[in-house]
Amino acid sequence: MSHETIAAPAAALPVRKGLPAALWALTISAFAIGTTEFVMVGILPTVAHSMNVSVSAAGLQVTLYALGVAIGGPILTALTSHVRRKPLLIFLMGLFIAGHLASAMAPNFIFLLASRFISGFAHGVFIGAGATIAASLVAENKRATAIAIMFAGFTIATIVGVPLGTFIGQHLGWRATFAGVALLGSIGLIANLILLPDHISNGRPVQLKDQLKVLQNKHILLVLAITAFGYGGTFVAFTYLATLLEKVTGFSAGSVSILLLVYGVAIALGNMIGGKVSNHQPARALIIIFALQAMVLFVFTFTMHYKIPAVLTLFLMGGLSFSSVPGLQLYIVQLAEKYLPGTEAVSSSLNIAAFNVGVAIGATAGGLVVGSSIGLAGTPWIGAVLVVVGVLLTVYSYKTEK
43 MSHETIAAPA AALPVRKGLP AALWALTISA FAIGTTEFVM VGILPTVAHS MNVSVSAAGL
103 QVTLYALGVA IGGPILTALT SHVRRKPLLI FLMGLFIAGH LASAMAPNFI FLLASRFISG
163 FAHGVFIGAG ATIAASLVAE NKRATAIAIM FAGFTIATIV GVPLGTFIGQ HLGWRATFAG
223 VALLGSIGLI ANLILLPDHI SNGRPVQLKD QLKVLQNKHI LLVLAITAFG YGGTFVAFTY
283 LATLLEKVTG FSAGSVSILL LVYGVAIALG NMIGGKVSNH QPARALIIIF ALQAMVLFVF
343 TFTMHYKIPA VLTLFLMGGL SFSSVPGLQL YIVQLAEKYL PGTEAVSSSL NIAAFNVGVA
403 IGATAGGLVV GSSIGLAGTP WIGAVLVVVG VLLTVYSYKT EK
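Each residue of the sequence shown is one higher than the last, beginning at 43 in our numbering.
Keep in mind that the hints were calculated from the coordinates and are not lab data. Only a predicted model underlies this, so the values are computations on that prediction, with no experimental measurement involved. Keep in mind that a hint or two might mislead.
Claimed, not checked - Below, a list of computed lysine-lysine pairs in the PhoX-like style, where the Cα atoms sit at most 25 Å apart:
#1 K184 <-> K318
#2 K318 <-> K444
#3 K128 <-> K260
#4 K251 <-> K380
#5 K255 <-> K128
#6 K289 <-> K349
#7 K318 <-> K441
#8 K441 <-> K380
#9 K255 <-> K380
#10 K380 <-> K289
#11 K380 <-> K318
#12 K441 <-> K255
#13 K441 <-> K260
#14 K184 <-> K128
#15 K260 <-> K380
Can you build the whole structure from these sequences, using the hints too?
Put into structure tokens, the structure is as follows:
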């Protein structure tokens, strides 16, 4: 996902005018990480068939990767906050590559799940560390631009990386997809090695006790729940989208990679629009975004049976599913400023974990629905129910803060 985090930047390095080449190393790494997070959606049917497991069992790969990000991210960020930034990023990309090579060579399904879980660790720490490094590479008035450039890697991944990875998986096998992602990670590692400066300030260390303090605040905890349900609800259907489009709508496997490209373009547009509408009153904007998202998911329950209406609904689904990200990040930072000043970066980091808890909840719920008597066609409306929980929580938070 294009997880746009608002990070507390490290002390800026002396820089030349313009944007340093090191930023592109971070963007390449973000592209590799963004690709692997969602490419599983496109190759899920292929993995299920190859590993001789059900589609709902194959969906556990999405769940475990997200849990790797959610659990590994906050804990490892705190444990590695004293480690020099450049060696840390190179180690993370090495871990990412190793995890994907292990996935590509997985002898059985359990091994594949374990390698996906470990790959998620690299993702979780990279988001926080990468954002602070990006901010430290430029002058103060260009920090937001630098962070946005790095996160553009995630956005490009949804438009290019995921459809391409799906296409490779369908024609050369899912192992080739993971090998391709490992190759992307290798390019990112080499770019970081060559382009990143050797001395980058670590910034303020993130302590586990800071994270626990944030988790004890009911106002911030409520936003984390909003993130998990509001954002995660879409993943009930999205995790099984390729299977749904093939088995229910009747598209060929080859068409799915094109449809994922359409979905990726919608995500990029939705992210930009969501950022604009959430600038002033994020909670109010989130209520509208989540309400529309729940409606579109419910409508998809009916339109998925017809190709043209399904594609139109799919585009709206993509646009709305990620439009909440900027608003959620801004809202949690605002509440951290209000109730726990000085914990803005920690709160933002924990919200990234909450996004991935949402992915895990959505993917797990989707697996249970697909494996039950409700079946694959029930995933959109079950997802809508989870998003409605997000709407109700956001309304409650908005009224409380008013």
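Against the structure, the hints:
1. K184 <-> K318: Measuring from Cα to Cα gives roughly 19 Å; hence the hint holds.
2. K318 <-> K444: Holds, at about 22 Å.
3. K128 <-> K260: Given pair K128, K260 is violated - Cα atoms ~36 Å apart, limit 25 Å.
4. K251 <-> K380: 19 Å, holds
5. K255 <-> K128: Judged against 25 Å, a Cα distance of about 29 Å means the pair is violated.
6. K289 <-> K349: 12 Å, holds
7. K318 <-> K441: 22 Å, holds
8. K441 <-> K380: 16 Å, holds
9. K255 <-> K380: 14 Å, holds
10. K380 <-> K289: Distance ~49 Å between K380 and K289 Cα, so the pair is violated.
11. K380 <-> K318: The given pair, whose Cα atoms are some 22 Å apart, holds under the 25 Å limit.
12. K441 <-> K255: This hinted pair holds, its Cα atoms lying about 24 Å apart.
13. K441 <-> K260: 14 Å, holds
14. K184 <-> K128: 21 Å, holds
15. K260 <-> K380: Cα-Cα ~13 Å, so holds.
This entry does not satisfy hints 3, 5, 10, going by the numbered hints stated previously.
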